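Just so you know, the sequences run in chain order U and A.
Taking this note's numbering, the leading residue of the first sequence gets 616, the next gets one more, and so forth.
Taking this note's numbering, the leading residue of the second sequence gets 2, the next gets one more, and so forth.
Be careful, since some hints might not be right.
[What the hints assert, rightly or not] Keeping only pairs whose Cα atoms sit at most 20 angstroms apart, straight-line, the calculated SDA-like set for lysine to any residue is:
# : chain 1 : residue 1 : chain 2 : residue 2
1 : U       : K960      : A       : G120
2 : U       : K704      : A       : S4
3 : U       : K935      : A       : P108
Hints were generated in silico from the structure; no laboratory data involved.
The model shown is predicted, which means the values in this text are computed figures rather than measured ones.
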Amino acid sequence: MEVGIVSYGAYVPRYRITPEEIGRVWGVNGKAMGKGLFINQKSVPSPDEDVVTIATEAARGMMARVPEVNPEDIGCVYVGSESHPYAVKPTSTIVAEAIGATPAMTAADLEFACKAGTAGIQMCMGLVGSGMVKYGVAIGADTSQGAPGDALEYSASAGGAAYLIGSEDLIAVINKTLSFTTDTPDFWRREGQEYPSHGGRFTGEPAYFRHITSAARMMMEAQGTTPDDYDYAVFHQPNGKFPTRVAAQLGFTNEQITQGLLTPEIGNTYSGAVPLGLASVLDVAKPGDRIFVTSYGSGAGSDAFDITVTDRISSYKREKAKTLAQVMENTVQLDYAKYALYKNKILMPE
Amino acid sequence: MASIAKEWREIPGRYNLEGSKCPVCGKVYFPKRGICPECRRESLGKMEDYSVSREGEVYSFSIVHEAPAFTSKLKPYAVVMVRTTDGIMISGQLVDVNLEDVRIGMPVRAVLRRISDDGPSGVIHYGYKFVPN
Ligand SMILES: [Zn+2]
């Protein structure tokens, strides 16, 4: 049975802050920092936004594009994030209610650093492929936090994308998915801690680069493909620098990764990053386009996907929801004071 | 706990703008009603669920400068009365907008946002707000 993407939706909050503005407060050359990370600005959620509202907005866009799909035919909803608003109480039930998919369905919140969203896509593929559900919804969304003054503060941002996975009327077939997973302590957050910790330079080679290149090479070997066979490639993007370098290591060109590389303009959306990058590619994809996708989640693992866009994308009602280019219009720059207020970094009276 | 139960019952209205339609005269009510005030007994027990359109335009608005604690981070902000594309009047907060751009007739769309919470350990209440469309 062919399994793949029936529809998708994406959302990024409208507020932005620049590395220069963050650096101004901490006495750091933020402009150089931004240049080094290849991040021009990052998104910031409004005080009334969180993973529930971001996931819902993405999921409603996804449903608006397929008015023929009955939300009651959705058999599972998975929301992957490392910033669920509740420690106990699922995000996924709220989102499922908000798209009219409840109550005859299963749901769960997933957590695997930045790859919980793609893990959700794999779970939906399994349930759809086995015939257990007609449609599955997988969402990756985050409102990630970097500790004030930490390097992560320059990149940690907010956004998310939702995927409707099914076996009929696919706009893109997922030809294959596989993963590369090990126990690697490069990034973590203990229960009750507000901000994550990371292994500094350790987060590069043995973590991000090893897992992505391993999963990507396993995929190309399994499919008998080379980078030339793909029109687009999307890699996890904690900053703009890492995906550019990993693409070059694997033999992909800048042209192949540009459309799916959003971090320079929105920052690191964690679980939202690869789902958003893929959404940006689907926003412009044409029948027959082949897309190579590899996510990365600290801890650590990479999920790779080999995807082919179908003829159906020509009649797909993409215009029923905003494309990422439209979502990313009309942004509003914040200064650090307003940013601190919006991100609950100012101590308020009880 | 009474308020949690009340809020929970209101979820279909607050998330999905679910109102009621009178099967006798066809009038739509938001929020939900168990009886049509015009058809009265004839409509009792027959009111149907009706999902109000999430799109509409600003019918009237006001700018709020003194806000309750939870929304104080967003002040000043706009509250609007919206006429939805199916003709229903709904009021709520208008967010993600430059206040000087708010005007009557402005196209808007209902989205899900955090409305309030019962403190740092309490329930978070989600509901509709409007954004420019
Ligand atoms: Zn009536």
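Hints, verified against the model:
1. Restraint check: the Cα-Cα separation between K960(U) and G120(A) comes to about 16 angstroms, which is no more than 20 angstroms; the hinted pair holds.
2. For the hint pairing K704(U) with S4(A), the CA-to-CA distance comes to about 18 angstroms; that is within 20 angstroms, so the pair holds.
3. For the hint linking K935(U) to P108(A), the alpha-carbon distance of about 16 angstroms falls within 20 angstroms, and the restraint holds.
Checked against the numbered hints above, the structure violates none of them.
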